[in-house]
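J.: One letter stands for each residue in the lines below.
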Amino acid sequence: MLEVHNLSLSVSIQGKRVDAVSGVSLTLEAGRVLGLVGESGCGKSLTAQAMLRLGEFQGVAKSSGDILIDGESLFTMSDERLRRTRGGRIAMIFQEPMTALNPVFSIGSQIIEVIRLHLDMDKQQARQRAIDLLLDVGMQDAEQILKQYPDSLSGGMRQRVLIAMAMAADPDYIIADEPTTALDVSVQKRIIALLLNLQKKRGLGLLLVTHDFGLVAEMCDDVAVMYAGQIVESGPVKEIFDHPAHPYTRALMGCRPEVSETGGALAVIAGQVPPPGQWPVGCHFAPRCTTADELCSAAVAADVWHDYSHIARCVHVVSK
Amino acid sequence: MSSVLRVSGLNKTFAAGGMFRAIGADKKAVVDVSFDLKAGQTLAIVGESGSGKSTVARMAMQLLSADAGQIYWGDEEVTHLRGRGLRGRRRHIQMVFQDPFASLNPRMKVWESVAEGLRVHQPELNRSQRRDSVAEVLNQCGLDESGMDRYPHQFSGGQRQRIGIARALIVEPKVLVLDEPVSALDVSVQAQILNLLKDLQQAKGLAYLFISHDLSVVRHIADETAVMFAGHVVEQGGVADVFGSCHHPYTEALLKARPIAHPDERDGVESVIATDERVAEKGCPFKNRCLYAQDDCATFDAKLNPQGFACLHPLNISSHE
Chain U
1 MLEVHNLSLS VSIQGKRVDA VSGVSLTLEA GRVLGLVGES GCGKSLTAQA MLRLGEFQGV
61 AKSSGDILID GESLFTMSDE RLRRTRGGRI AMIFQEPMTA LNPVFSIGSQ IIEVIRLHLD
121 MDKQQARQRA IDLLLDVGMQ DAEQILKQYP DSLSGGMRQR VLIAMAMAAD PDYIIADEPT
181 TALDVSVQKR IIALLLNLQK KRGLGLLLVT HDFGLVAEMC DDVAVMYAGQ IVESGPVKEI
241 FDHPAHPYTR ALMGCRPEVS ETGGALAVIA GQVPPPGQWP VGCHFAPRCT TADELCSAAV
301 AADVWHDYSH IARCVHVVSK
Chain L
1 MSSVLRVSGL NKTFAAGGMF RAIGADKKAV VDVSFDLKAG QTLAIVGESG SGKSTVARMA
61 MQLLSADAGQ IYWGDEEVTH LRGRGLRGRR RHIQMVFQDP FASLNPRMKV WESVAEGLRV
121 HQPELNRSQR RDSVAEVLNQ CGLDESGMDR YPHQFSGGQR QRIGIARALI VEPKVLVLDE
181 PVSALDVSVQ AQILNLLKDL QQAKGLAYLF ISHDLSVVRH IADETAVMFA GHVVEQGGVA
241 DVFGSCHHPY TEALLKARPI AHPDERDGVE SVIATDERVA EKGCPFKNRC LYAQDDCATF
301 DAKLNPQGFA CLHPLNISSH E
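Chains as they are written, first to last, in this note's numbering: chain U, 1 to 320; chain L, 1 to 321.
Treat each hint with caution, since some may be false.
From chain U, some residues computed to sit far from chain L (all C-beta separations above 10 Å) [to be verified]:
#, residue
1, V11
2, E29
3, L54
4, E56
5, I69
6, T76
7, G87
8, I115
9, P280
10, V281
11, T290
Computed cross-link-like contacts, SDA-like style, restricted to lysine to any residue with a CA-CA straight-line distance of at most 25 Å [claimed, not checked]:
#, chain 1, residue 1, chain 2, residue 2
12, U, K238, L, H262
13, L, K27, L, R89
14, L, K174, L, G40
15, U, K16, L, R150
16, U, K200, U, D170
17, L, K256, U, E3
18, L, K27, U, S154
19, L, K256, L, A280
20, U, K16, L, H153
21, U, K16, U, P276
22, L, K174, U, A265
23, L, K174, L, G69
24, L, K174, L, L81
25, U, K238, U, E3
26, L, K174, L, Q129
27, L, K27, U, V185
28, U, K238, L, Q129
29, L, K27, L, G40
30, L, K303, L, G9
31, U, K147, L, I273
32, L, K198, U, V268
33, U, K200, L, K27
34, U, K123, U, K147
35, L, K256, U, N197
36, L, K174, L, S133
37, U, K201, L, V272
38, L, K198, U, A270
Please keep in mind that the hints were generated in silico from the structure rather than gathered at the bench. For clarity, every value in this text was computed on a predicted model and none was experimentally measured. Every residue gets a Cβ at the ideal spot worked out from N, C-alpha and C, and that includes glycine.
The whole structure should be built from the sequences, with the hints applied where relevant.
T.: Below you can see the structure in the form of structure tokens.
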């Protein structure tokens, strides 16, 4: 299991350190797909990057909490062990297949580099493994692809290469940050199918970071909804779609054009997400919530077990 | 209803250039595109990156000259107008860009950015008259005029897109060209902007040329749609017809690729094998990716037929047609 315990992360804004992620807990289990959804600025990418301790390179610091991989803390392990964990046990797939590959090296040399970094293989073995990996991600002319450079591949092909690289060291967990957002719509579904296929075949724990409820509906077993640095609702995907309990989740699902009637006005959420440092006291969503009252801004909302495995952070949600 | 923007037979080819001139082929970006946009209507041009949809928009605005074809703004042909003659007429058609962060000058106050069009089209106005106009148009776009002396970085993405719309509207155009106006925005903000666009259209009788890759958004906002693939319009018609029973396999592929609304709609039938995503050089440009392609597609001249699609083996054709 990959567990995030009560994690808070701070960033520097105009010289002051303020929390951008506040008390987030998540559990990613092997063989399951967990969706982390939210709008831009909610802290979902910071949380995902923290699961590889990547944010620290950009001035993100942990203010409290812990992240455990199979019971071992990422924050107390040695640098060498952390390096082996990154890419070895937890791999990441980024949004932009255009920038994540180096344009001056061939596809083959970039995949083989990753393989030899993590696995004890000579060049021939690594090359064979690279071919197997490319076949695994649906690229049937793998030998040819090895010799090509990133600019000769389409966006969908590049994302396949990046998925192959993420699989290079047989990781147990994959963090995918908006893996299809930069791709054309007709290519997206194939990449989704491919990711799910690999996830099932290898029993991976997959964390999908996205702003798109459509993608969550398509891929996830469980979902956690983030708003202004906090997880406001989490539970099994069907339960969340059928019975969203938190007003933010309900509002966010309602403003998607694909669920609205043609012609009429779309449902909206008035106002905007408050940036870190300007979160309101009490419930972070209260100023935009149509059902908020004085209770909401008086007390910090605690998690309510709405139902078995379904949690919502709202003082007005009733426990079943 | 009167036509406010009409193009016929637009073509554009970009020459292969730079260090690849010797090996590259000229790229046909737009092939024979025609449409007629009426006052108060929305035409959506749908397609993926590289389909030529933005090139069509730029030609319709006369920001890029067409190799062939005619462009009419209202009753007037503007195809061959240049320079001053064009500038005086530009208030007819204005543009809203995709990225509200990149399209506003960060060093200009909001009111100065919004008022820029007035300096060209109504130079007789003095400063306080210009500020009054800006305040009015900002209010129409759902922004408080008290923000007009602030700078763009003090606004959120959705607010900046409102500023971008205000900036286009201040010269009272008949047509707005909207190039992916909501694709950089969060879904809750996207809904606000789409509602604003609908309200403005009703209040002012504006016509929209709406460029998008998002079919859910298009279905919501457009009256007519033209689906583009590799520079060709492959299907064109009313939104209800095209989305209800499409004839071109590419339109079908786009419709199938839409995000699902609920986990129960998962079908799990998608293949995981990579296919040839390249555009076919000869015949129907879509044939490499087409599930229904046959031998004769290799020699098919992909032109729209009078029924509004360019396909030899169309879908959803009932026998009595």
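J.: Tell me the numbers of any earlier hints that the structure contravenes, in ascending order.
T.: 13, 17, 28, 29 and 33
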